[in-house]
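Asker: So the sequences go chain by chain: A and B.
Residues in the first sequence are numbered consecutively from 1, following full-length UniProt numbering.
Residues in the second sequence are numbered consecutively from 1, following full-length UniProt numbering.
Simulated from the structure, these hints should not be mistaken for laboratory data.
In this text, all values refer to a predicted model and were calculated from it rather than measured experimentally.
Among the hints, erroneous ones may be present.
Said to hold, decoys possible - Chain B is faced by these chain A residues, among others (derived, beta-carbon under 8 Å): (1) 25; (2) 95; (3) 122; (4) 123.
Heads up, the beta-carbon is just placed ideally off N, CA and C, and yes, glycines get one too.
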Amino acid sequence: MIKRLVMTLVVLLFAITSLYPLLWVVLQSLKRDAEFFASQFSLPREWVWHNYADAWSKANFALYYKNTLIITSSSLIFGLAVCILAGYAFAKIDFVGRKTWQALFVAVLFVPSPVLLMPVFFINRDFGLINTYMGMVGPYICGAVPLGVLLMSAAFRALPGELSESARIDGCGEWRTFIKILFPLTLPTVATLCILQFISVWTDYMWPLIANTDPKMYTITVGMTQLAAKKFVFGYGPVFAGMVITTFVVILLYIVLQRYFVRALTDGAVKG
Amino acid sequence: MKQRALWRRGGWKRQTTAYIMAFPALFFFVLYLIYPLVIAFRMSLYDYTGIGPLTDFVGWANYKEAISNSSFIGALRNNFVLMGVEFIVSTVLAFGLAYLLFRGIFGWHVFNVILFLPYIIPLSVSAVIWSLIYEPTIGLLNQLLGELGLTALQHTWLGGTSTALGSVIGVWVWRTLPFNLIILFGAMIKIPGELLEAARIDGASGMRIVRNIIFPLTIPTIALLAVISIANDFRAFDIVWIMTQGGPAGLTEIASSFVYKVGFQENHYGYANAVAFLVFVVVIVFVALIALLQRRSFSSEKGESR
Numbered sequence: 001m002i003k004r005l006v007m008t009l010v011v012l013l014f015a016i017t018s019l020y021p022l023l024w025v026v027l028q029s030l031k032r033d034a035e036f037f038a039s040q041f042s043l044p045r046e047w048v049w050h051n052y053a054d055a056w057s058k059a060n061f062a063l064y065y066k067n068t069l070i071i072t073s074s075s076l077i078f079g080l081a082v083c084i085l086a087g088y089a090f091a092k093i094d095f096v097g098r099k100t101w102q103a104l105f106v107a108v109l110f111v112p113s114p115v116l117l118m119p120v121f122f123i124n125r126d127f128g129l130i131n132t133y134m135g136m137v138g139p140y141i142c143g144a145v146p147l148g149v150l151l152m153s154a155a156f157r158a159l160p161g162e163l164s165e166s167a168r169i170d171g172c173g174e175w176r177t178f179i180k181i182l183f184p185l186t187l188p189t190v191a192t193l194c195i196l197q198f199i200s201v202w203t204d205y206m207w208p209l210i211a212n213t214d215p216k217m218y219t220i221t222v223g224m225t226q227l228a229a230k231k232f233v234f235g236y237g238p239v240f241a242g243m244v245i246t247t248f249v250v251i252l253l254y255i256v257l258q259r260y261f262v263r264a265l266t267d268g269a270v271k272g
Numbered sequence: 001m002k003q004r005a006l007w008r009r010g011g012w013k014r015q016t017t018a019y020i021m022a023f024p025a026l027f028f029f030v031l032y033l034i035y036p037l038v039i040a041f042r043m044s045l046y047d048y049t050g051i052g053p054l055t056d057f058v059g060w061a062n063y064k065e066a067i068s069n070s071s072f073i074g075a076l077r078n079n080f081v082l083m084g085v086e087f088i089v090s091t092v093l094a095f096g097l098a099y100l101l102f103r104g105i106f107g108w109h110v111f112n113v114i115l116f117l118p119y120i121i122p123l124s125v126s127a128v129i130w131s132l133i134y135e136p137t138i139g140l141l142n143q144l145l146g147e148l149g150l151t152a153l154q155h156t157w158l159g160g161t162s163t164a165l166g167s168v169i170g171v172w173v174w175r176t177l178p179f180n181l182i183i184l185f186g187a188m189i190k191i192p193g194e195l196l197e198a199a200r201i202d203g204a205s206g207m208r209i210v211r212n213i214i215f216p217l218t219i220p221t222i223a224l225l226a227v228i229s230i231a232n233d234f235r236a237f238d239i240v241w242i243m244t245q246g247g248p249a250g251l252t253e254i255a256s257s258f259v260y261k262v263g264f265q266e267n268h269y270g271y272a273n274a275v276a277f278l279v280f281v282v283v284i285v286f287v288a289l290i291a292l293l294q295r296r297s298f299s300s301e302k303g304e305s306r
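This is chain B alone, in the form it adopts within the complex (with noise of 0.2 Å):
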């Protein structure tokens, strides 16, 4: 039966020539990163400095001791707020783009190449260039204030703690917006012509149009913009670590610089590869989570496709 099975697959060659082929990458794919998630839930359940075999075995006691440490809790808040306000002023204000592009201005084509950029740039640049830019003394932004006459509203911005947050998610708004900008774009290209025609020709007002045609066409894509910034929100490891190192006193702290001071710093690994454990969790249920109300809203609207 098995032999039967196979025969009609192609038979013991072709499984060979397949095995060959895929070899390499599923050997880089084990190594690198399903045997690292097994070894860092292994490593949750110890007590390890880094040094030696794991032998001090704790149990659940890593993840007890994350929850009821206020630091940790601090670092997640943090990363919802970052995740939160990043979302809704960057889509925001990426639609609002959008919809200009989609009505057609002057020059959109070089408007599209520049407002690309923020994106493009590494990471790790732009959060120097910020940190220059928010220099309290020499920095462009107090400068600027200054020279406008506004010294009232000059801040330390990193070093304040009322507006070191709001700082490091303001580089990060600058960061995403030109990717959800594109997306939606392309989203509101895809909208049919006769769709807006017949709207128009009924003596819909822009506003409504946008409001009753373009914005429900578009909220699949809003619910995947949402899905892509939970995933890379993890990734304003490089900002928070170059610009803050996560203070002032832990107020601009993230998941993932906490994992880093944790783990790298203190050398609390197994600690550490717990919280990075509850992080994954917290994660998986954020993406179910919105595709579970994407997919009922779906259902509920109507039984489109996608």
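In isolation and in its complexed conformation, chain A is listed as follows (with noise of 0.2 Å):
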């Protein structure tokens, strides 16, 4: 009993280390920084709304958010759509090059960011998407290929081959078989890559840091970084308010899908 009553303990000392930046943050966004200044590990006397106001309008956050949704939704929807389609096709098709596609998708996991910025940016620039949604768009619709066609394709591989004989005699065409009767059957996978794609766009800090030059075309994770560098001008305030908006969306999905989230993120470095 005493044993495990210390076994919480140094538990709940590495969770306080967890959770206790989180917190900070949040008890200082409600802080006038005169208070942030004086007195840091009390509460706020006077709940201070407006630096959520400040970081939402003076700093932009509004239109930071915009984009980061746009660029989000469209990445994950088209993301999705492409690794299903192509999934079905990988599972159920022998087709000619399948092997060859599928050695390749396994051998680019490794390779480092790094060596694909620049590159990108080029063609990008070429093809004269800088700063448009599209060309930010699609570098994450090819991020998730690699890792979405394998577990997609598994998925269908997955399925009893009956499944879609017996569709077949009943007169399912090969697209009716794959969206009427397989593909409600891989949803746990697909929830799997919703969650893995929603994390890696949401919160990528990289790729939208270079892709463009304009600056209304800022995701929130850039935003709110220039908004930390310019804190003698907005006020501290602002900056730990800014941290909290960017964060919040992602830690809300994390408490309601919690268990969800840890197969995603775990299933998805496991296995790529």
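The task is to assemble the complex, starting from two chains supplied on their own in separate frames and drawing on the hints.
Answerer: Structural data, given as structure tokens:
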């Protein structure tokens, strides 16, 4: 019993180091700067909500939020659509060149991002895609492909062959069998991919940093760091508020979908 | 003959269907992954400032320059220090914590949720949080040390030559620990209960069970974590760039921040691509090495699959 208590205390200590920095941010986001300088450990004497208003309007977070929403949702929808389609083809049809493509998908999983940054930027420049949503989203769709197609085709392959056989006997065509019968059964894998793609696009910093030259195209992660660099102009309060705005969607989803999140993030890395 | 093979694979119609389905994915894959790799390699053989076509062919000169450049070697060394320290510290701590969770503690479910948090939040946010925590005058860490009366331990964490790299690594450990914890915890749960029961009946102590049963059975998982951390440690860019931009005096420079600097800030794109390719080669060599070691340790123990 005492042993168990001691063990719990050790874990509690680590839990505090995980949680406290985040709570600290939320607390400071509600203080005036003078109070932040004087006492960081106390609760705010008076709750200063206008830090959020400042971040939202003066520091342009409304715009950055809109950009992030557009970029994340289109990367999610298109990224998943192409992976599901290709996953079916790779699992169920023995087309010419299938093995080669699969080998390529595995081979590129270890390509470090610095190698791709510059050429992808130049490709976008040559197509006139700098400072456009299309130019931002394209590489994210591509980013979903290798792992997404591998996971989706594994999911389709795991379904019993009789399913599609009996559908064909009932007169279902290839497309109908795929969309009406097989696709709904792969939804757990689709959910995993959704979470992976959401996290990787929403939290990305490097690509939004280099992909654009126009500050109007910033996403929240880049906007937030720009705000942090300008803390002497806007004050510390809005910086903390900006961090909360950037993070709370992710934390909210994590708390609601906790089990799926952990499974997606671990599966994604382990199989990848 | 060829006709026949095609027929066996479902004929032209199914082949076409397959390519229609796979085309969108393959299109983006080739456009933004395969083609860029080709361009990157070609660019690495030229002197290129980012304007106009590639004309100034220099062969392997960029690679030679990279290998003899002390700031690149320094960045690579920092990257290895980061990788090594992060992997060892984070895995040891994660192993200990996973074992405690595995043994059963009060409220383990709540702890599971909380302990995973640092891995969920955007890396850029972590970087800003921690640069404010490390801030010398108003930062949380120095304030806390002041309150505790430990003023001797106060530092200019990110600005000091002796503490900069360590401070950055600390954040990286904070970030990667939850992931390693979850994976190791998952591996421990999969250990057959009879095995542990039998050992306990034989009178083996907790420490001996860890050393002789749990640790050996989680070695494949630890090797996997090593591969993942090698692949991931090049994502430390967000942290390094936001917290220190590689400073002071290049002491926290890592490969990806070096590439970014040389490429996008100094416009030496050819050289930057050569550096990026060298990093790529290093990653591949390391991953292959770990795979090889793992296979050997397996075949020497027993012919277990996976």
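Asker: Now tell me if each hint is right for this structure.
Answerer: Going down the list of hints, with the structure as the test:
1. Satisfaction of the interface hint for residue 25 of chain A is found here, the shortest Cβ-Cβ separation to chain B being roughly 6 Å, below the 8 Å cut-off.
2. Below 8 Å, beta-carbon pairs count as interface contacts, and residue 95 of chain A has one with chain B at about 4 Å; its hint therefore holds.
3. This hint holds: residue 122 of chain A has a C-beta 7 Å from the nearest C-beta of chain B, less than the 8 Å allowed.
4. At about 6 Å, the closest approach between the beta carbon of residue 123 of chain A and any beta carbon in chain B falls short of 8 Å, and the interface hint on this residue holds.
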